Amino acid sequence: MIVMARDVGVVAGEVPILTGIDLAAGPGEVVAVVGVNGAGKSTLLRCLAGLQPPASGEVGVFGRPPADTAAFWRDVAVVADEPAWYPGLTVREHLELMRAVHHDTRLTVEAALEEFDLVERADLAPQTLSTGQRQRLVLAMALLRPSRLLLLDEPERGLDTAFRDRLATMLTRYAAAGGTVVMATHDLGLARAAGARRVSLEAAA
Amino acid sequence: MSDVRAVRAFLRSRGRAPVTWSDRYVTVFGLVVAALVLAHPVTSAFTSLTAAAGQTDPSQAGAGLALIALAYAGFMRLARTVGPVVLPAADAAWLVLSPLPRRPVLARTALVLVAVSVVAGAALGVALLAVLGGGGHVAVRLALALALGMSATLGGMATAVLAQAHPAWGSRFDAGLLLALVLLLVTVLVVAFVMHAPAGLAAACATACATASAVLVRQAWAALGRIPARSLLAASTRAGRVAAAATLIDPGVLSWIAEDDHWRGRVLRSRVWPRLLRARWAAPALAWSDWRRLGRRPARLCALLASTALPSLASATLASPATNGLVAALLAIGAMTAAAACTTGARRDHDDPALSRLSGVGARAALTARAVLPMLLSAAWLTLALAGLGVIGALPPGPWWSLGILCAPALAAGALRMARRRPIDHTMPVIHTPAGSIPTGPLIWAATGADVAALGCLPVLAAVPTSVSAGTPALGPLLVAQAVSGVAVLVVFLLRAAGPRGG
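Going line by line, the protein sequences match chains A and B. Residue numbers for the first sequence follow the numbering used here, so the first one is 46 and each next one is one higher. Residue numbers for the second sequence follow the numbering used here, so the first one is 3 and each next one is one higher.
A few of these clues could be false.
Claimed, not checked - Non-contacting residues of chain B with respect to chain A, defined by C-beta distances greater than 10 Å in every case (computed):
(1) P106
(2) V269
(3) L270
(4) L360
(5) T435
(6) G478
Claimed, not checked - Have a look at the derived ranges for each label pair, beta carbon to beta carbon:
(7) G108/A with T435/B: 56 to 62 Å
(8) V56/A with D453/B: 35 to 41 Å
(9) H148/A with I394/B: 52 to 58 Å
(10) E165/A with V21/B: 38 to 44 Å
(11) P431/B with T114/A: 45 to 51 Å
(12) P425/B with G177/A: 27 to 33 Å
(13) E155/A with R232/B: 47 to 53 Å
(14) T206/A with V494/B: 50 to 56 Å
(15) D210/A with R232/B: 44 to 50 Å
(16) G71/A with P425/B: 30 to 36 Å
(17) T429/B with G83/A: 25 to 31 Å
(18) V114/B with A248/A: 33 to 39 Å
(19) A464/B with V56/A: 50 to 56 Å
(20) G108/A with R424/B: 42 to 48 Å
Think of the hints as simulated: they come from the structure by calculation, not from any bench. Every value quoted in this text rests on a predicted model; they were computed, and no experiment measured them. The C-beta atom is built at its ideal place from N, Cα and C for all residues, glycine as well.
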């Protein structure tokens, strides 16, 4: 198993956020975590990324507890809230940066710009782009670099319907190449199109 | 106009409780107390300045003029950065995007700009008088200097308003500013001559300056009604965010606001990463973004380069016992500013590590790579500044400039620590002392970064002020001490500051 979560519980103060959650994902699998607002989807993803220690239960990624180390992040790519863009770098240079720091990228910069419809915006600062275009850029950065596990928190945020279909195709391709995707989403259409196994979360009482 | 008055009266009546006699009493009492507190220091400073004006050393006038020109350039740049025409967020949202005539909506802001310009102009005039001096008739020379100073600031502010009203001008504003500075210097030199000339000629010169300024102000007033809404909204939003950051006392946010505002909307020429760095050395490849960013702000580099002359100018201009301390402060602030000018990447990665996680580079390796540029820049700045002091004879003979290179590691460590500091912790206790209450949160925030730099530069910080006055310390041991101290501080900082993610 690439991802294994057993009986995971998270508490904020005295309020339970997650209670007794189990989740497993193997190589080549796409898992969609769905649920109402406040069900704890993002919290679960943070647990899998090692950014939120669970109050109870066990989380394993690649057979070990997730750790905030360089080695871990070379295998795992996370797309959650909008990142803080590096000022003074263009859209193309943000992609170039990923290519410069990783061996054997999955896409060339040109291919990523084409696939994510960013060619016309390549020489702009990311701050100038629309919300949807910025989301496409961060997805492009995550999918350009090599990884074995993709953790996506609402990847459909700001994307138009047509591009959501393309994203589903990209995620399917990623999984077909042996990668594992775990995404929290409200878009059941995206989950279906990506061939994702659905895991429903109920809001903790 | 009456429409705007009616809207403002409506907002006032709904927005807050009516002003009572008690409120008025508090306002007047506060103003009287402020006047009483400030009266003595202002009059004594003014007296000393005007007294000094009669005994100005001509050799110091050039350096003094350069400092005044720099202050004026800073004033103009600030005006342009602010807007200068801005409105409170609510007014910007509701009054600008309404059928109300724009000039009356902006009239109150215009009055504030005039008041600010008059005060800044008065300060500029007094400084001019102190620097240029002249013959007798202090009152006449003071009036002349005030007229020139106020003309310069009012005219400059009016030009900034015109640039805001005509976005096409905006890009040419900096070039115009340079031209204005040259003109100001020429005018000042003319006035310096005129101050010793007959009163009639002096009055004519002052009248010409005031007339030019009045024409610009008239044009700016006419242009107020044509300032595009988008320019007003952008400036007002920026001012609102800055005000919020100031209210929350989180100055770190100001850096983010300034950076994002600078780059938003710019079209840049994308370049590939150097082949040498790509996929071989991940950490230097990550840090290369800092180099590229710096290269894209040549004006900032030029300003840094020009500022290396400030310690020499201060040393040459001000021949007083306090000068040594001022020179040391300028050296410390300038070198630290140079180092901190290229730590944006470290700040972003620390505040929001999402992109650094995507890059998969270890925190220590990334921080080490990011330390190189601040080290080089601060080394260059401090070396040039010390070399300048050596050239004008403010330092004893010897290669004192080499201290600049040896201080650089500690300065880089300080700048990186500063970039990675947390927001001010307002929950920290307030220490009550006989001199007043000291909030430890802001104090610790302000000291974070400077502490490490000061620790690493202790040998040179101790040596420069004494050497300026006495020229006593032996250079050899000082260089060795500084080299060891600087490198040790940087190494310890990198080992300790890498955080939970290992390299």
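* Asked: Taking 10 Å as the cut and beta carbons as the points, is L270/B off the interface with chain A?
  -> 5 Å, violated
* **Hint check for R424/B and G108/A - Cβ pair distance inside 42 to 48 Å** => Distance hint for G108/A, R424/B is violated at roughly 35 Å.
* Least C-beta distance from V269/B to chain A larger than 10 Å -> 5 Å, violated
* Do the Cβ positions of V114/B and A248/A conform to the proposed distance bound of 33 to 39 Å? -> 51 Å, violated
* Asked: Against chain A, does L360/B keep a CB gap of more than 10 Å to every residue?
  -> 6 Å, violated
* For the range 47 to 53 Å, tell me whether the beta carbons of E155/A and R232/B fit it or not. => Hint violated: Cβ distance 34 Å, outside 47 to 53 Å.
* Range hint 30 to 36 Å (beta carbons of G71/A and P425/B) holds or violated -> 42 Å, violated
* Do the Cβ positions of A464/B and V56/A conform to the proposed distance bound of 50 to 56 Å? -> 53 Å, holds
* Asked: Is the distance from the Cβ of V56/A to the Cβ of D453/B consistent with 35 to 41 Å?
  -> 37 Å, holds
* **52 to 58 Å as the expected CB spacing between I394/B and H148/A, which holds or is violated** => Roughly 53 Å apart at Cβ, these two residues keep to the hinted range, so it holds.
* Status of the given 56 to 62 Å range, CB of T435/B versus CB of G108/A -> 57 Å, holds
* To do: With respect to the beta-carbon atoms only, verify the hint that P425/B and G177/A lie 27 to 33 Å apart.
  => Given range 27 to 33 Å: holds, Cβ gap about 30 Å.
Checked against the numbered hints above, the structure violates hints 2, 3, 4, 10, 11, 13, 15, 16, 18 and 20; every other hint is satisfied.
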